[in-house]
Amino acid sequence: GDSVTQMEGPVTLSEEAFLTINCTYTATGYPSLFWYVQYPGEGLQLLLKATKADDKGSNKGFEATYRKETTSFHLEKGSVQVSDSAVYFCALSERSNDYKLSFGAGTTVTVRA
Amino acid sequence: DVKVTQSSRYLVKRTGEKVFLECVQDMDHENMFWYRQDPGLGLRLIYFSYDVKMKEKGDIPEGYSVSREKKERFSLILESASTNQTSMYLCVIQGGTSGNTIYFGEGSWLTVV
Numbered sequence: 009g010d011s012v013t014q015m016e017g018p019v020t021l022s023e024e025a026f027l028t029i030n031c032t033y034t035a036t037g038y039p040s041l042f043w044y045v046q047y048p049g050e051g052l053q054l055l056l057k058a059t060k061a062d063d064k065g066s067n068k069g070f071e072a073t074y075r076k077e078t079t080s081f082h083l084e085k086g087s088v089q090v091s092d093s094a095v096y097f098c099a100l101s102e103r104s105n106d107y108k109l110s111f112g113a114g115t116t117v118t119v120r121a
Numbered sequence: 090d091v092k093v094t095q096s097s098r099y100l101v102k103r104t105g106e107k108v109f110l111e112c113v114q115d116m117d118h119e120n121m122f123w124y125r126q127d128p129g130l131g132l133r134l135i136y137f138s139y140d141v142k143m144k145e146k147g148d149i150p151e152g153y154s155v156s157r158e159k160k161e162r163f164s165l166i167l168e169s170a171s172t173n174q175t176s177m178y179l180c181v182i183q184g185g186t187s188g189n190t191i192y193f194g195e196g197s198w199l200t201v202v
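Line order of the protein sequences matches chains L and G.
With the first letter of the first sequence counted as 1, position 1 gets the number 9 in the working numbering; the numbers rise by one all the way through.
With the first letter of the second sequence counted as 1, position 77 gets the number 166 in the working numbering; the numbers rise by one all the way through.
Rather than coming from a laboratory, the hints here were simulated on the basis of the structure.
Keep in mind the model is a prediction, meaning the values are calculated, not measured.
All the given hints hold, so there is nothing to weed out.
Reference excerpt, derived from the structure (chain G facing chain L, CB under 10 angstroms, subset only): (1) Y124; (2) L132; (3) G196.
Computed far set for chain L versus chain G, every beta-carbon distance over 12 angstroms: (4) L27; (5) S66; (6) T78; (7) T79; (8) S80; (9) G86; (10) S87; (11) S91; (12) S93.
Note that beta-carbon positions come from the ideal geometry of N, C-alpha and C, so glycine has one too.
All chains, please: the whole structure from these sequences, using the hints.
Written out as structure tokens, the structure reads:
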């Protein structure tokens, strides 16, 4: 079945550091891929998505490229801020699985000033 | 504006009590899902429904049941709450022709004592 594996946390960084959170997936077909973010005390919200191979999703300085050859969707940001402290979830959905969302375990990121 | 309402944000229940968590949407979407979120485990699918009166088990249905009597309302039921069901419960609505439009409820934090 579908599954998502993402880098274990927690991750602690200094402001302006480079952030990468690895995400790899297993799917039977051609899934859509998502990154969701959960800020402290808030609900989940979509950060970015990509629906086909080689698509790049981007938002708020974050980017992720859909790599079919490596079944990966790594999240990157060049210069993090304290306000980026949150839990990040990688997820996928695909038609062959009735579009159910499969989530990774989540990665907690803390950015220190 | 899109609205997904979960009836209770914070609940404390005793072991053995029956618990109802309700999710209501105002978008006329068919697909509704219940997940639970636990640290280090991400979001795990409990039950889902693609239409009125229809329900399907997710990955961790044990100890739960659901009801979908009306299209806009999807209820999660804990027949006899146990302490290992202490968690955050999240309602997810899915729309769009390829299921790529996702809406989240605010979450219901349940503590079973």
